[in-house]
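Trainee: Each chain, letter by letter, is given below.
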Amino acid sequence: METRVGKETSIAIADAVGLCDADIVAAYPITPQTHIVEHLSELVADGVLDAEFIPVESEHSAISVCCGTSATGARTFTATSSQGLALMHEILFIASALRLPIVMVVANRSLSGPISIWNDHSDIMAERDIGWVQIFAENAQEAQDLTIWAFRLAEDKRVSLPTIVNLDGFILTHMIEPVVVPDKTSVQKFLPIFEPVLRLDVDKPVSIGPVGIPDIYTECRQAQQHNLTQAYGPIVETLGEFAKHFGRQYLPVESYRTEDAEVLLLTMGALSETAMEAVDNRRSRGGRVGLVRLRLWRPFPFEDLYRAVSDIPVLGVMDRAISFGGPIGPVASEIKSAFYHRNHRPNIVEFVAGLGGRDVALADFEKMFDVLLETKETGKIPPPRMVGLRE
Amino acid sequence: MAVQSAHPKWTELAVGTAITEPGGARQNRTGDWRSSRPVWKHSECIRCGVCVMFCPEGCIQFNLEVEGYPNADLEYCKGCGICAHECPTACIAMVDEEE
Chain A
85 METRVGKETS IAIADAVGLC DADIVAAYPI TPQTHIVEHL SELVADGVLD
135 AEFIPVESEH SAISVCCGTS ATGARTFTAT SSQGLALMHE ILFIASALRL
185 PIVMVVANRS LSGPISIWND HSDIMAERDI GWVQIFAENA QEAQDLTIWA
235 FRLAEDKRVS LPTIVNLDGF ILTHMIEPVV VPDKTSVQKF LPIFEPVLRL
285 DVDKPVSIGP VGIPDIYTEC RQAQQHNLTQ AYGPIVETLG EFAKHFGRQY
335 LPVESYRTED AEVLLLTMGA LSETAMEAVD NRRSRGGRVG LVRLRLWRPF
385 PFEDLYRAVS DIPVLGVMDR AISFGGPIGP VASEIKSAFY HRNHRPNIVE
435 FVAGLGGRDV ALADFEKMFD VLLETKETGK IPPPRMVGLR E
Chain B
33 MAVQSAHPKW TELAVGTAIT EPGGARQNRT GDWRSSRPVW KHSECIRCGV
83 CVMFCPEGCI QFNLEVEGYP NADLEYCKGC GICAHECPTA CIAMVDEEE
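Taken in sequence, the protein lines are chains A and B.
Position in the first sequence (from 1) plus 84 gives the number in the working numbering.
Position in the second sequence (from 1) plus 32 gives the number in the working numbering.
Chain A extracted, bound-state conformation (with noise of 0.2 Å):
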């Protein structure tokens, strides 16, 4: 029978995985990961997880430990941040490449410099081409659910790919929150056995990760990105039976009251439950603003944001990174590129805001409502703004 309780995001994840029988943790402690791997530690130490825990000596171990027990067939989980997943780099695209379905979840913080701890996006968006399965959790709920789906979608045949559940760290990480959690026997009738796809079995030998030489290496990468693309349909269907089973449904891209808007705001992550207030906030004084909200980002949802930001004049992303010296964000950059070649091209506002743990307030969202319908009035769209810079 399910359960509603009061939990700290982290432990919530890490009882997620305890629900799913993981067989292998490996995993190096970083903030604000650390009560995740801290909480499966424990449940494998108390015997409540049948698990082997592989404490490493650093997070390029970790991830290369994770590709040789996910090879084996073990449902390998890991978890990390920041500067620990940018230590993995290297070894996130032979995962992929590899198609061993290793779950992570990475509690999203700045990267150095200067060195910090706090929240932004700019550890995944360094790591947005390693071909794994993206996704973002806005609340304790979804990081639960989103975790127990990520094994269910990357042990799909048709998958058979590493999959990123991404959550704000600290803001969401260590938040106490109301979460609903299921019961063990309906999680094991979601996620079925592990039957991996190829595996390394001594009693039928196979090579896994040969050269690839120029006479193969484009047919490789051809392989890899229409993997990925087609992941879309499997993540789709997963999500609905997520919802059939556990009764709440996620999709690629949510909107929120975009019906009549004039202008859409754009976010990723914990920091839409802020907009969707502000949203509210500024309807209930008549302003018509919208708000949507991107969850999937591996693979990208080119039809969902399409259906989502239908034929609005203006839309606003909100970039929690930068990509230095290019277009500032690295969200909105992909918005643009998705429009470009659409007969409706939206008038697209970059804001970058929160960046290394920076608060972002129901003031700030009103002040980026305020440059959006300044710009629908004029049809005159402003430079990138970082949000409340002190200049």
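Quick caveat, the hints were computed from the structure, so don't treat them as lab data.
Be aware that one or more of the hints could be misleading.
Unchecked claim - Between beta-carbon pairs, the in silico distance windows are: (1) GLU118/B <-> VAL132/A: 55 to 63 Å; (2) ASP299/A <-> LEU106/B: 16 to 24 Å; (3) GLU343/A <-> HIS39/B: 20 to 28 Å; (4) GLU174/A <-> VAL84/B: 19 to 27 Å; (5) ARG61/B <-> GLU279/A: 37 to 45 Å; (6) GLY472/A <-> GLU53/B: 42 to 50 Å; (7) ASN95/B <-> PRO139/A: 51 to 59 Å; (8) VAL84/B <-> GLU279/A: 39 to 47 Å; (9) HIS39/B <-> THR87/A: 51 to 59 Å; (10) PRO120/B <-> ASP285/A: 38 to 46 Å; (11) ALA57/B <-> VAL286/A: 14 to 22 Å.
Predicted model only: the values in this text are computed from it and were never measured.
Ideal Cβ placement from N, Cα and C applies to all residues, glycine included.
With chain A's structure known, arrange chain B on it following the hints.
Mentor: Showing chain B alone in chain A's frame:
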């Protein structure tokens, strides 16, 4: 999976481009990389087997048809010259491939 083609289309690759048939490297005839080939001077060869041991391709064998002297399988010999370099009697000459 059936024997893997040396030039597969992207749709024909195994999952994760794994190699599911052992021994596939034999299909790579590395001999055509060669610009020179080893030639043994039988009068100086003591048949010690050092060249056999050192060959990185494992393509040198004792040839029973020629009184047990070593020779290289030219399908795979890349002409690296390690055998000639290591030979204790310096009886192996690296001869340029003319064609």
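Trainee: A separate judgement is required for each hint: does it hold in the structure or not?
Mentor: How the hints compare with the structure:
Under the hint 55 to 63 Å, the C-beta atoms of GLU118/B and VAL132/A, about 60 Å apart, fit the expected range. The supplied range of 16 to 24 Å is met by ASP299/A and LEU106/B, whose beta-carbon atoms lie about 23 Å from each other. Checked against the given bound of 20 to 28 Å, the beta carbons of GLU343/A and HIS39/B, roughly 54 Å apart, lie outside it. The hint said 19 to 27 Å for the Cβ distance between GLU174/A and VAL84/B, and at roughly 38 Å that hint is violated.
Roughly 38 Å separates the CB atoms of ARG61/B and GLU279/A, a value that falls within the hinted 37 to 45 Å. At about 59 Å, the CB distance of GLY472/A to GLU53/B disagrees with the hint of 42 to 50 Å. With their beta carbons about 55 Å apart, ASN95/B and PRO139/A fall inside the hinted range of 51 to 59 Å. A C-beta distance of roughly 45 Å is found between VAL84/B and GLU279/A, which places it inside the suggested range of 39 to 47 Å.
Range check, HIS39/B to THR87/A: about 57 Å between beta-carbon atoms, so the 51 to 59 Å window is met. The hint said 38 to 46 Å for the Cβ distance between PRO120/B and ASP285/A, and at roughly 44 Å that hint holds. For the pair ALA57/B and VAL286/A, the beta carbons lie near 20 Å from each other, so the given range of 14 to 22 Å is met.
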